[in-house]
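Q: The lines below spell out each chain.
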Amino acid sequence: DQQVKQNSPSLSVQEGRISILNCDYTNSMFDYFLWYKKYPAEGPTFLISISSIKDKNEDGRFTVFLNKSAKHLSLHIVPSQPGDSAVYFCAALTGANSKLTFGKGITLSVRP
Amino acid sequence: KAGVTQTPRYLIKTRGQQVTLSCSPISGHRSVSWYQQTPGQGLQFLFEYFSETQRNKGNFPGRFSGRQFSNSRSEMNVSTLELGDSALYLCASSLSAGEWETQYFGPGTRLLVL
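Line by line, the protein sequences give chains A and B.
When we follow my numbering, the leftmost residue of the first sequence carries the number 1378, and every step to the right adds one.
When we follow my numbering, the leftmost residue of the second sequence carries the number 124, and every step to the right adds one.
Don't read these hints as lab results, they were simulated from the structure.
One or more hints might be untrue.
Derived DSS-like pairs: lysine-lysine, alpha-carbon spacing no greater than 27 Å straight-line [as the list claims (entries may be wrong)]:
| no. | chain 1 | residue 1 | chain 2 | residue 2 |
| --- | --- | --- | --- | --- |
| 1 | B | Lys-180 | A | Lys-1448 |
| 2 | A | Lys-1448 | A | Lys-1433 |
| 3 | A | Lys-1433 | A | Lys-1382 |
| 4 | B | Lys-136 | A | Lys-1382 |
Partial pick of chain A residues on the chain B-facing surface, computed with a CB cut under 10 Å [said to hold, decoys possible]:
| no. | residue |
| --- | --- |
| 5 | Phe-1423 |
| 6 | Thr-1478 |
| 7 | Gly-1482 |
Ideal placement from N, C-alpha and C gives every residue a C-beta, glycine not left out.
This is chain B alone, in the form it adopts within the complex:
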């Protein structure tokens, strides 16, 4: 079956703009988590959604937000972009919430903020 899909794969934005990233989970998976990977900070948890509800949130400013739709697809939004938001944004899906060992990651969206 198809894996986790993330769109777009690459994105270039300028400071102050906003961006929306999309994640389509594996069919049947109801939980989606988002992560940010940067060279300086490594991998950091952003948030986890299950059944359209945010279950957990990482230590990121309010400029980072997300949502999950009834079909389990998820979007992540970053407003007022800063240079430091340049990163690889990964999403992962699992059948249920908190299934950290059986979550499947997408290839990521690479965001460059100029």
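Only chain A is shown next, with the shape it has when bound in the complex:
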């Protein structure tokens, strides 16, 4: 059973526009969420995170929104750049000592 779902496998946006990557979860015990970015032939790198006590966290061009009632989070990238083209994984934790549960990833393509 997929507890973290990234239902859209891919997204294509124009350079300079906003990219919105969605993630849904089913486990109400998740209390911390992370986004990782992965380029081909490289390992993932941490991008941004959010605790369940917040509804928004911002870091430069990246903002993550959390809607706990809907069990939904989204990553906004504004403005999108060609270098943002990568696979983005949403992940969740049920406390600091738990294991990471990932979604299947979304492939973002930013067109010049």
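Using the hints, position chain B against chain A.
A: For chain B alone, kept in the frame of chain A given last:
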């Protein structure tokens, strides 16, 4: 300083064989985690080791096992390989356990099971 090193980078095995993958963490890092990436399932957590002890384990069958040595290097073993074990196996290291935001990933070992 040197990053996370994984060996071998590529591996071809046949069904029923076993395989051992190696991960050398960044110097000073004491925690190592392993992940499996496949097109169908995405990225899945396998296990986390800290100070030679397994702290967490993902939902994988007992054919998947691992260990960590006193120098923090880690190995992952898969016995009785199945076609579905074909995947990119990633390891990541961090200074301490549960540091999910500051873990550094290696380039991965790509395993093909025929």
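Q: Run every hint past the structure and note whether it holds.
A: Here is how each hint holds up against the structure:
no.	hint	in the structure
1	B/Lys-180 with A/Lys-1448	holds (25 Å)
2	A/Lys-1448 with A/Lys-1433	holds (14 Å)
3	A/Lys-1433 with A/Lys-1382	holds (20 Å)
4	B/Lys-136 with A/Lys-1382	violated (31 Å)
5	Phe-1423	holds (5 Å)
6	Thr-1478	holds (7 Å)
7	Gly-1482	holds (5 Å)
In this structure, the one hint that does not hold is number 4.
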